[in-house]
Amino acid sequence: MSDRSLAGARRRPSRHLPLQVLLGFLVVYFLVPFWWVIVNSSKDAPGLFGGGNTLWFAGHIDYLGNLRQLFTYDNGIYGRWILNSTLYAIAGGVGATVLSVMAGYGFAKYRFAARRFSFALVLGALMVPATALVIPTFMMFSQLGLTNTIWAVILPSLLNPFGVYLMHVYARDAVPDEILDAARADGAGEIRTFVQVAFPLMRPAVVTVLLLSAVASWNNYFLPLAMLSDNRLFPVTVGLGMWQGIASANNAGSTSLWSLIILGALVSVIPLVIAFFTLQRHWRGGLSVGGLR
Amino acid sequence: MSSTQEKTHKIRGKVRLREHLMGWLFVGPFGIVFLALLIAPLGYALYLSLFQKKLIGGTSFVFLDNYVKAFTDPSFLSGSWFVIRFSLVSIPLQIIVALAMALILDAVTSLFTRFARLMIFLPYAIPTVIGAVMWGFLYSKSFGPLADVFDWFGATPPDFLSTNLIFYGLVNVVTWQWAGYYMIILYAALQGIDPALYEAARMDGAGKWQIALRIKIPLITPALVLILVFSLIGTLQFFNEPQILRSLAAGTIGPDFTPNMYAYQQAFALANFNYGSAISFALGGIVFVGVYAFLFFTRKRRSFL
Numbered sequence: 001m002s003d004r005s006l007a008g009a010r011r012r013p014s015r016h017l018p019l020q021v022l023l024g025f026l027v028v029y030f031l032v033p034f035w036w037v038i039v040n041s042s043k044d045a046p047g048l049f050g051g052g053n054t055l056w057f058a059g060h061i062d063y064l065g066n067l068r069q070l071f072t073y074d075n076g077i078y079g080r081w082i083l084n085s086t087l088y089a090i091a092g093g094v095g096a097t098v099l100s101v102m103a104g105y106g107f108a109k110y111r112f113a114a115r116r117f118s119f120a121l122v123l124g125a126l127m128v129p130a131t132a133l134v135i136p137t138f139m140m141f142s143q144l145g146l147t148n149t150i151w152a153v154i155l156p157s158l159l160n161p162f163g164v165y166l167m168h169v170y171a172r173d174a175v176p177d178e179i180l181d182a183a184r185a186d187g188a189g190e191i192r193t194f195v196q197v198a199f200p201l202m203r204p205a206v207v208t209v210l211l212l213s214a215v216a217s218w219n220n221y222f223l224p225l226a227m228l229s230d231n232r233l234f235p236v237t238v239g240l241g242m243w244q245g246i247a248s249a250n251n252a253g254s255t256s257l258w259s260l261i262i263l264g265a266l267v268s269v270i271p272l273v274i275a276f277f278t279l280q281r282h283w284r285g286g287l288s289v290g291g292l293r
Numbered sequence: 001m002s003s004t005q006e007k008t009h010k011i012r013g014k015v016r017l018r019e020h021l022m023g024w025l026f027v028g029p030f031g032i033v034f035l036a037l038l039i040a041p042l043g044y045a046l047y048l049s050l051f052q053k054k055l056i057g058g059t060s061f062v063f064l065d066n067y068v069k070a071f072t073d074p075s076f077l078s079g080s081w082f083v084i085r086f087s088l089v090s091i092p093l094q095i096i097v098a099l100a101m102a103l104i105l106d107a108v109t110s111l112f113t114r115f116a117r118l119m120i121f122l123p124y125a126i127p128t129v130i131g132a133v134m135w136g137f138l139y140s141k142s143f144g145p146l147a148d149v150f151d152w153f154g155a156t157p158p159d160f161l162s163t164n165l166i167f168y169g170l171v172n173v174v175t176w177q178w179a180g181y182y183m184i185i186l187y188a189a190l191q192g193i194d195p196a197l198y199e200a201a202r203m204d205g206a207g208k209w210q211i212a213l214r215i216k217i218p219l220i221t222p223a224l225v226l227i228l229v230f231s232l233i234g235t236l237q238f239f240n241e242p243q244i245l246r247s248l249a250a251g252t253i254g255p256d257f258t259p260n261m262y263a264y265q266q267a268f269a270l271a272n273f274n275y276g277s278a279i280s281f282a283l284g285g286i287v288f289v290g291v292y293a294f295l296f297f298t299r300k301r302r303s304f305l
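Residue numbers (UniProt numbering), protein chains in the order written: chain A, 1 to 293; chain B, 1 to 305.
Quick caveat, the hints were computed from the structure, so don't treat them as lab data. We treat Cβ as the ideally placed atom computed from N, Cα and C, and that holds for glycine. Treat the hints with care, since some could be wrong.
What the hints assert, rightly or not - Which residues of chain B face chain A? A partial, calculated answer using Cβ under 10 Å:
id : residue
1  : Leu-25
2  : Tyr-67
3  : Ala-263
4  : Leu-283
5  : Phe-288
Said to hold, decoys possible - A short list of chain B residues far from chain A (calculated; beta carbon distances all over 10 Å):
id : residue
6  : Gly-13
7  : Ala-45
8  : Ser-87
9  : Gly-154
10 : Ser-277
11 : Ala-293
Said to hold, decoys possible - Just the calculated beta-carbon pair ranges, DEER-fashion:
id : chain 1 : residue 1 : chain 2 : residue 2 : range
12 : B       : Phe-112   : A       : Phe-57    : 19 to 29 Å
13 : A       : Gly-245   : B       : Val-89    : 23 to 33 Å
14 : B       : Phe-288   : A       : Ile-61    : 51 to 61 Å
15 : B       : Leu-35    : A       : Leu-55    : 48 to 58 Å
16 : B       : Leu-25    : A       : Leu-55    : 55 to 65 Å
17 : B       : Glu-199   : A       : Trp-151   : 55 to 65 Å
18 : A       : Gly-187   : B       : Gly-207   : 52 to 62 Å
19 : A       : Arg-111   : B       : Leu-93    : 39 to 49 Å
20 : B       : Lys-69    : A       : Met-242   : 53 to 63 Å
21 : B       : Thr-109   : A       : Gly-145   : 55 to 65 Å
Excised from the complex, chain B in its bound form (with noise of 0.2 Å):
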């Protein structure tokens, strides 16, 4: 009797060891390459922020002095304010377009929904930094088909990239490249609600808005938070569209416009690699505030619902 228990405990004990084996075999390849491209980097990145290159006595260890340097550095503050303020602008339109869209194309099913869904989302496919460039096009003042619009109508056209408008000329930009793909996802999430729950809900009485307001948004909760979360992520490191339409709006968006392109800037316009880091780190400690601060608020928010 015991015998046979030792044996299956012996079994299990190598089950067991096989099992974790296996499941290191599986997880071990991205864990290497997560070790050595994320791990590290952050290490290292670290590391460079502590110290200071001087022209006189090369590189000493400053401890944390590039962080104080940062966050009393009009560069960096203005541009931290300029993508908090642009999250704080871009990302509920975004999402208001984006659900509106998605509720939209979930009621409505015809021929031009299937080719308008395919056509909203066609933005994500080009590269933000084609995305820029056709955009640049659209606002410049010598081919662009927007002096043309206003003309019609006998109005002066808006300059989106004169220093009071480029805000909303960036905000456009960002809209149209991931309106399309927020909507994507949240119109998958439409589509995986049981079709039953909305014959209850009209059998209660409910009507059309009622059911969207009280059904389909609560329900795709989850999904909306995935978006508000990754849309807050890449606000807060935005690069790219400044960084293409600079060269049409030299005197509009300087080097240090966002966070991240005063970090390009340090490192490899300036070489000074040290406060590049720490910029760079520095703005990484904010998107985790910024994402964390948005889970907790977001967490008691979900409960209502």
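Looking at chain A on its own, in the form it has when it is part of the complex (with noise of 0.2 Å):
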């Protein structure tokens, strides 16, 4: 009897097919872009105003030449916007996990002066909108000669009050004391404790903080788009918003920049597909700690 009911508890598999019909249109719509995207990439410039099916392939294949096209483009801009978008990417995200997660264990295990006054203020952190730092950001750094480097978005991309958050949680939950107290009792210092023995215990929370900061740094627009006028540090973001811009403004003259604009879109969205379809088991453990409480 007990033994069926625990059975019985357990998630039983359902195969609701209207259900499963309606999230197959769903599905429809969250890839129709992507669809549009790759199809179109294929395409030169008179298969893509040709007027033909814009939702199929022209006769004319051409992903080899258009990628050819766009890395060459202007001096292979491209090429050097995708490095700099992986080189925010990476410091800001290492960086502001690495902050984040020192912080989160601090604020979750020692009682420190001043330790709930300062929570409290990361917690309205949450609230600052990020945009709304931008203008002031630009001013400061413009006074300490920073704008236009690549300091100027890496050093904002550090702070994270939502990693932070996030860190504490899971630290509170998955770092028993009870593990840190016998750590210390067989003579480890409190930084060792910190790497060896609390640490490994975090990573799933590690993980979905540096792939989400580092997805924000390489999604940042508002703030490169302020701070970088020499568009050879422009991220890929920047660059193509500029790109699209150019192709908006002289509608006759820019057809192939246009079908630069597609391939481009497609190849910077690449690298961040793949690290969040990698790294979803590991994400998707550590995000449900944040919305739970």
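Assemble the dimeric complex from its two separately framed chains, guided by the hints.
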């Protein structure tokens, strides 16, 4: 009897067909823009504007030719943008994660002076619109001579109050005090206890914070748009935005630029899609923590 | 006796001190970044917003004049009104779509639903700028598929970049971009519910709908509140999507379309940093009031559930 009720309490697979059909329609909606970009980045300018089916391939499929064009246009500036985005995402992501993990652990596991007040400040900072900081940060950085340098993009990316909050919640629950005390009793110092005992227990949340902050840096648009004037420092978001502005400004003369933008958009999302899918087991576990409390 | 007590007292004092030191050692590096890149810019913005630069007489202290100007400035007011209206329509829509999808994915399991879960999340992995560029293509009259689809049915295609429809054009882009992310957060919360609760409810005669409405939704209220707050903060500072679609719909989206775009224009196109800072700060104030009001109302609501 008890065995049966236990089995019943487990999740039963269910295959409700109408709901699956409804889900199918939603999947189509979410995939249409990707499909459009994949199909149309295979086309050359005549294929793009020739009035053929916009949701199907044209007669001439030319991914390679378009790719060569994309990476050679304007002295290969696109490749440079991708490298810039990679640098900003790695530096901002790793930096923000290190700071968040340490601070989250510190808030969760030590009772220090002004702890409650400081944590309340961090929670309040969650409500500060990131874009409201862009203009004053720009003004500060311009007085320090930091605008139009990579630091203008990397330094503000290090601030991630949500990461601190997530790590705090996770460390509080996933790292038992008893284990820390046992490590200390065995003679491990505080730093060693953190690195060798606590850190492995926090790994799912660390991956989540790392992924979310790296993606936030990769996706950043407003900040680099304001900070940078040299287009060789642009991340790919600002670069493509600039191309799009140029292409729409002189519609007739820029048909080739449109096909570069379409393929450029496709290429720029591939790294993120790979990152999300390879790490998805880890980040989903970490994400539920923030939503449950 | 008293000497041992003194000793333990001393040791405890030492432990306390070490606890304080270690706590600040761990929190300190973030604290420095927090002070330098959040508190300092906010303070600086507040300071800047109290001054005005005039052609004659240079920069002078004007106290709250910039704020008075902002709250009587039709550009700022219409932008604020737009993002408020936009929040009222797009946030409930996104949350309803996300919640419905999360409940379906939680209740139905098959190979397809697993695939669907990833595909619905996919747009979140796309930078908002690229998402706006993609939808700009789809809306485009010269190479977008919307025109084709409506042609098949012999209907006139809607122009989502026109003044009448840009609101819905943007609602669509934002929903496409964020609903999957919210769905994942809600789905993760649903998966965290103890299945024994459903069994108990079933024994009491509850159907699937009742389980969803009376058990699942109330139990994930914290996650719902979290995503509502985040979407509210994000929507009120709307910038990327309209800024990108502006080049395609210049007549429809002006430089003062949202408060953030207006602040950007004031600061970077007109070099009016004092007024730009005041607008940023006023917008921050609106966000704060909005989020606080929301949390206040949901706190009442939550005690009902």
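Hint check:
1. Leu-25: Holds. Min distance 7 Å.
2. Tyr-67: 14 Å, violated
3. Ala-263: 6 Å, holds
4. Leu-283: Hint holds; B/Leu-283 Cβ to chain A Cβ min 6 Å, cut 10 Å.
5. Phe-288: Hint on B/Phe-288: holds, closest Cβ of chain A at ~6 Å, below 10 Å.
6. Gly-13: 14 Å, holds
7. Ala-45: 4 Å, violated
8. Ser-87: 13 Å, holds
9. Gly-154: Non-interface label stands for B/Gly-154: nearest chain A Cβ at 17 Å, farther than 10 Å.
10. Ser-277: Non-interface label on B/Ser-277 violated, nearest chain A Cβ at 6 Å vs cutoff 10 Å.
11. Ala-293: With a cut-off of 10 Å, B/Ala-293 remains clear of chain A, as the shortest Cβ separation is near 12 Å.
12. B/Phe-112 with A/Phe-57: 19 to 29 Å: 26 Å, holds
13. A/Gly-245 with B/Val-89: 23 to 33 Å: 28 Å Cβ-Cβ, so the 23 to 33 Å window holds.
14. B/Phe-288 with A/Ile-61: 51 to 61 Å: Given about 52 Å between the Cβ atoms, the range holds.
15. B/Leu-35 with A/Leu-55: 48 to 58 Å: Distance hint for B/Leu-35, A/Leu-55 holds at roughly 52 Å.
16. B/Leu-25 with A/Leu-55: 55 to 65 Å: Once the Cβ atoms are compared, 58 Å apart, the range 55 to 65 Å for A/Leu-55 and B/Leu-25 holds.
17. B/Glu-199 with A/Trp-151: 55 to 65 Å: At 56 Å between Cβs, range holds.
18. A/Gly-187 with B/Gly-207: 52 to 62 Å: 59 Å, holds
19. A/Arg-111 with B/Leu-93: 39 to 49 Å: 44 Å, holds
20. B/Lys-69 with A/Met-242: 53 to 63 Å: 32 Å, violated
21. B/Thr-109 with A/Gly-145: 55 to 65 Å: Roughly 57 Å apart at Cβ, these two residues keep to the hinted range, so it holds.
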